[in-house]
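**Q** Listed below are the residues making up each chain.
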Amino acid sequence: MKKLIYLVPVVVLAVLASIFMVGLGRDPKLVPSVLIDRPVPDFALEALPDRGRPLSSADLKGQVSLVNIFGSWCVACIAEHPILVAIGKTGEVPIHGIAWREKDPRDAMRWLGRHGDPYDLVGHDADSRVAIDFGVTGAPETFVVDAGGVIRYKHIGPVTPEVWEDTLKPLIAQLRKSS
Amino acid sequence: MPGDLMAAFSIAELGHFALVLALFVAIAQSVVPLVGAHRGDAAMMGMARPGAVALALLVGFAFCALMYSFIVSDFSVSNVFENSHTDKPMLYKISGVWGNHEGSLLLWITTLVVFGLAVALSSSNIPPQLRARALSVQAMITVGFLLFILLTSNPFERIDPAPFNGRGLNPLLQDPGLAFHPPMLYLGYVGFSMAFSFAVAALIEGRVDAAWARWVRPWTLVAWTFLTAGIALGSWWAYYELGWGGWWYWDPVENASFMPWLIGTALLHSAIVVEKRDSLKSWTILLAILTFGMSLLGTFLVRSGVITSVHAFASDPTRGLFILLLLVVSVGGALVLYAWRAPQLKGGGLFAPVSREGALLLNNLLMSTATATVLLGTLYPLIADTLNLGKVSVGPPFFDGVFVPLMVPAIIAMAIGPMLAWKRGDLRGALGRLWMAAGLGVAGMITVWLMRGGAVGDILASFGIGLAIWLFVGTLMEFGDRIKLFRAPLSESGRRARNLPRAAWGMTIAHAGIALIVAGVTASSAWKGEAVQTQAFGETVTVNGWDFTLLSAETFEDENYTGVRGTFRLSKDGEEIALMTPEKRTYTAPPMPTTEAAIHTTGLHDLYAVIGDPTADGKAFVTRLYFEPLVPFLWYGSAMLCLGGLVSLSDRRHRVGAPVRRRETQAAPGAKPARA
Numbered sequence: 001m002k003k004l005i006y007l008v009p010v011v012v013l014a015v016l017a018s019i020f021m022v023g024l025g026r027d028p029k030l031v032p033s034v035l036i037d038r039p040v041p042d043f044a045l046e047a048l049p050d051r052g053r054p055l056s057s058a059d060l061k062g063q064v065s066l067v068n069i070f071g072s073w074c075v076a077c078i079a080e081h082p083i084l085v086a087i088g089k090t091g092e093v094p095i096h097g098i099a100w101r102e103k104d105p106r107d108a109m110r111w112l113g114r115h116g117d118p119y120d121l122v123g124h125d126a127d128s129r130v131a132i133d134f135g136v137t138g139a140p141e142t143f144v145v146d147a148g149g150v151i152r153y154k155h156i157g158p159v160t161p162e163v164w165e166d167t168l169k170p171l172i173a174q175l176r177k178s179s
Numbered sequence: 001m002p003g004d005l006m007a008a009f010s011i012a013e014l015g016h017f018a019l020v021l022a023l024f025v026a027i028a029q030s031v032v033p034l035v036g037a038h039r040g041d042a043a044m045m046g047m048a049r050p051g052a053v054a055l056a057l058l059v060g061f062a063f064c065a066l067m068y069s070f071i072v073s074d075f076s077v078s079n080v081f082e083n084s085h086t087d088k089p090m091l092y093k094i095s096g097v098w099g100n101h102e103g104s105l106l107l108w109i110t111t112l113v114v115f116g117l118a119v120a121l122s123s124s125n126i127p128p129q130l131r132a133r134a135l136s137v138q139a140m141i142t143v144g145f146l147l148f149i150l151l152t153s154n155p156f157e158r159i160d161p162a163p164f165n166g167r168g169l170n171p172l173l174q175d176p177g178l179a180f181h182p183p184m185l186y187l188g189y190v191g192f193s194m195a196f197s198f199a200v201a202a203l204i205e206g207r208v209d210a211a212w213a214r215w216v217r218p219w220t221l222v223a224w225t226f227l228t229a230g231i232a233l234g235s236w237w238a239y240y241e242l243g244w245g246g247w248w249y250w251d252p253v254e255n256a257s258f259m260p261w262l263i264g265t266a267l268l269h270s271a272i273v274v275e276k277r278d279s280l281k282s283w284t285i286l287l288a289i290l291t292f293g294m295s296l297l298g299t300f301l302v303r304s305g306v307i308t309s310v311h312a313f314a315s316d317p318t319r320g321l322f323i324l325l326l327l328v329v330s331v332g333g334a335l336v337l338y339a340w341r342a343p344q345l346k347g348g349g350l351f352a353p354v355s356r357e358g359a360l361l362l363n364n365l366l367m368s369t370a371t372a373t374v375l376l377g378t379l380y381p382l383i384a385d386t387l388n389l390g391k392v393s394v395g396p397p398f399f400d401g402v403f404v405p406l407m408v409p410a411i412i413a414m415a416i417g418p419m420l421a422w423k424r425g426d427l428r429g430a431l432g433r434l435w436m437a438a439g440l441g442v443a444g445m446i447t448v449w450l451m452r453g454g455a456v457g458d459i460l461a462s463f464g465i466g467l468a469i470w471l472f473v474g475t476l477m478e479f480g481d482r483i484k485l486f487r488a489p490l491s492e493s494g495r496r497a498r499n500l501p502r503a504a505w506g507m508t509i510a511h512a513g514i515a516l517i518v519a520g521v522t523a524s525s526a527w528k529g530e531a532v533q534t535q536a537f538g539e540t541v542t543v544n545g546w547d548f549t550l551l552s553a554e555t556f557e558d559e560n561y562t563g564v565r566g567t568f569r570l571s572k573d574g575e576e577i578a579l580m581t582p583e584k585r586t587y588t589a590p591p592m593p594t595t596e597a598a599i600h601t602t603g604l605h606d607l608y609a610v611i612g613d614p615t616a617d618g619k620a621f622v623t624r625l626y627f628e629p630l631v632p633f634l635w636y637g638s639a640m641l642c643l644g645g646l647v648s649l650s651d652r653r654h655r656v657g658a659p660v661r662r663r664e665t666q667a668a669p670g671a672k673p674a675r676a
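Residue numbers (the working numbering), protein chains in the order written: chain A, 1 to 179; chain B, 1 to 676.
Excised from the complex, chain A in its bound form (with noise of 0.2 Å):
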């Protein structure tokens, strides 16, 4: 019996390794489950300052577009804002910004004076309802809408260019295709 003490190491080992297991397999940047291939949460934000109209759900349908989670409190924002500057000029794609938990509204305008304004319609969401709806654990990310109003993809972290030639991009043709 007391043999079997010196067996616990072994044991915990084992169950950790297989959580490991599963965990792998799994990525952690995927969205649950439940949100993929579900239309997007009815929404209607707040416009930014000087800068027309805001975002809601009524206007992801119609065409396939990208919605991105951004915010000026964001280091990693600035990391991607290249790369949807220049996705934003080749006009491949409409992307739509949600300005995440602004202090001030007004800072989310200032960022997108000094870095570029890649969006074609911003909305603020201070208080976070849009983005838990969304499912978003941080900024940013970067959903992939199909013409039908249906979340397609879940991109967690920046859009680095690859993310962009071998992931989405191919995404979008496709879904622009099937519809």
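Treat the hints with caution; some may be incorrect.
Dumping the calculated SDA-like pairs for lysine to any residue here, alpha-carbon to alpha-carbon at most 25 Å [stated by the list, open to error]:
| no. | chain 1 | residue 1 | chain 2 | residue 2 |
| --- | --- | --- | --- | --- |
| 1 | B | Lys-619 | A | Pro-49 |
| 2 | B | Lys-619 | A | Arg-51 |
| 3 | A | Lys-103 | A | Gly-116 |
| 4 | A | Lys-103 | B | Val-532 |
| 5 | A | Lys-103 | B | Val-543 |
| 6 | A | Lys-3 | B | Lys-346 |
| 7 | B | Lys-572 | B | Thr-549 |
| 8 | B | Lys-346 | B | Leu-130 |
| 9 | A | Lys-3 | B | Gly-332 |
| 10 | B | Lys-619 | B | Phe-556 |
| 11 | A | Lys-3 | B | Ala-372 |
| 12 | B | Lys-346 | A | Val-8 |
| 13 | B | Lys-619 | A | Asp-107 |
| 14 | A | Lys-103 | B | Glu-583 |
| 15 | A | Lys-89 | B | Pro-593 |
| 16 | A | Lys-103 | A | Val-136 |
| 17 | A | Lys-103 | A | Val-75 |
| 18 | B | Lys-528 | A | Trp-73 |
| 19 | B | Lys-619 | A | Asp-50 |
In short, the hints are calculated from the structure, not lab data. As the structure is a computational prediction, the values presented were derived from the model and not from experiment.
Keeping the supplied structure of chain A fixed, place chain B upon it in accordance with the hints.
**A** This is chain B only, laid out in the frame that chain A set:
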């Protein structure tokens, strides 16, 4: 030029080739000496030493080859292209070698073989069988990591055609604190592999005794000291570079280095019990295995991407799988061996619960529990996700809430333990001798509490300060006791202090260092002052009685970045203390902004200023100003921990070797029997 190109070409290929050769040497090394030890074949066991030398030379060559590629900016090597740039200062070209996954893995292996080399060369008085087995086990780990680097992460991969310039290094990483932080951490992580190898060798041999503990302890001490330095450097870097005035975030990557530290601390202490009292053997072996296991787990968590963190390396599931496999094979194998052999280890001396052993065991239990809670907190998001409980993140409130209550008894016991005798201690006597520490601790607590205005919310933090005083004074009193300070003439106390084993000095310094850290942690978490605002030129913001006046801000350019530099006048009671110049930089390759906080230290407290973005009209800036009480104590305390480790390492008993049994004493006149 073509000649240079040819040279560069062949050097990277030679580096790769050296790694392949090293793999074969390591395979031979992990079999031959082990078999030799089993058969008692001296020639085969003797292979361990040249084997270790060959491994060190081959891997060392590969490391130098990669470093050379970085120094000459050979962008045909993909790793250099991804992580370097011609405009980068030389120091950061070199630190770029380990600022990425492949290079840091090579650094890891280099450290592994250097430790093997050190054991092979230094330890002429280790029993040859134990040494042969330990070096074989060390070589097995090396095989695993060499396979890892050769199969999944070749640092010498070429790209054709060679790009004109590199993609630079993350500017957040272009920092002296960070340039030296990873090598320190690796020396720590990998150093624990030596304790692991010795533990497995002892299990194979079926014998753990005082001599074994004495071989293991210096290697554990080396690893622990480096790890301490590495964690402290990382924390210091986060403090001044991230610009939020915090020094610990309970981030998974920080936890990954903290877990081996905690359990390594337990190992360090339980090895003393094996050495002095021949007790707690199987527990110590288990700790040695787990400490290295935690180091591997840390690597796994950081590299595999199972857990998201701000500073994680680019993650890749294949690599994750490989490290997981390494973890399961090495630690799992060792634990199976443990389950099989450990029950046969004969326990040594018995002891009462109240005794030096008992106190060290309490330390062990608290440190292990602390490790387990940090592990749980770090893994919980992953476990919850795996069991489909949803995506959660575990933050500082959990860690603070669980960790602090565990540390309180540990700190109380830390002052008492050294006062207790081996086998059976006199708790009442020890407490009696600590009256002054207790008195000063309570007095300090009440004084601090009243100074803070006697609010209920300050009771806990004041208690923390009281604990720090208790530990500090208690540690000094134990030292005073040993040298009979004030109870014997000063000359005798001086003589006793000189004759005191270095290990005792080391303990006193390290424990006093912990007291300083406790004070720093408590004060800086409880009484940090903070002000975030838009500040116009000429405007003064007061934080905890310190006046920060924004005088000016100008733009400037440097080798690889442009920046804004603000100038603050720091004054107190109308008197100017210092000018502070925080910066906000934007690096050119890759484009990325960083904040450079300005820190003015009084030696007791830090004043911390960060400059942000200008307002639209350019007449004011967003500024963040902090009052950081006792933060310098964290760095003093960390330095004392490292110093304590080094002093203890210089103890002659580590060099002389194991206590020789009385019968054999004549044969080895150099060895004195150990005195507790």
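**Q** Take the hints in turn and mark each one as holding or not.
**A** Comparing the hints with the structure gives:
The hinted pair formed by B/Lys-619 and A/Pro-49 meets the criterion: a straight-line CA distance of about 21 Å does not exceed 25 Å. Distance restraint check for B/Lys-619 and A/Arg-51: the Cα-Cα separation of roughly 24 Å lies within the 25 Å cut-off, and the hinted pair is therefore satisfied. Proximity of A/Lys-103 to A/Gly-116 is assessed by CA-CA distance (about 20 Å); at most 25 Å being required, the pair is judged to hold. Distance restraint check for A/Lys-103 and B/Val-532: the Cα-Cα separation of roughly 12 Å lies within the 25 Å cut-off, and the hinted pair is therefore satisfied.
Of the supplied pair hints, the one linking A/Lys-103 and B/Val-543 holds, its CA atoms being roughly 22 Å apart against a limit of 25 Å. The straight-line distance between the Cα atoms of A/Lys-3 and B/Lys-346 is roughly 14 Å, inside the 25 Å bound, and the hint therefore holds. A hinted pair counts as satisfied when its Cα atoms are at most 25 Å apart, and B/Lys-572 with B/Thr-549 qualifies at roughly 11 Å. For the suggested pair B/Lys-346 and B/Leu-130, the alpha carbons sit about 18 Å apart, so the restraint of at most 25 Å is met.
Note on A/Lys-3 and B/Gly-332: the hinted pairing holds, with a Cα-Cα distance of about 17 Å set against a maximum of 25 Å. Between the alpha carbons of B/Lys-619 and B/Phe-556 the distance comes to roughly 18 Å, so the proposed pair stays at or under 25 Å and holds. In summary, the hint linking A/Lys-3 to B/Ala-372 is supported, as the alpha carbons are separated by about 23 Å, within the 25 Å threshold. At roughly 20 Å between alpha-carbon atoms, B/Lys-346 and A/Val-8 fall within 25 Å of each other, so this suggested pair holds.
A C-alpha spacing of about 16 Å is found between B/Lys-619 and A/Asp-107, which places the hinted pair at or below 25 Å, so the restraint holds. Restraint check for A/Lys-103 and B/Glu-583: the C-alpha separation of about 23 Å stays at or below 25 Å, so the hint holds. Taking the CA atoms of A/Lys-89 and B/Pro-593, the gap is about 23 Å. The hint holds against a cut of 25 Å. Restraint check: the Cα-Cα separation between A/Lys-103 and A/Val-136 comes to about 18 Å, which is no more than 25 Å; the hinted pair holds.
At most 25 Å may separate the alpha-carbon atoms for a hinted pair to count; A/Lys-103 and A/Val-75 meet this at roughly 16 Å. Distance check on the hinted pair: B/Lys-528 and A/Trp-73 sit about 22 Å apart at the alpha-carbon level, within 25 Å; holds. At roughly 22 Å between alpha-carbon atoms, B/Lys-619 and A/Asp-50 fall within 25 Å of each other, so this suggested pair holds.
Of the numbered hints listed earlier, not one is contradicted by the structure.
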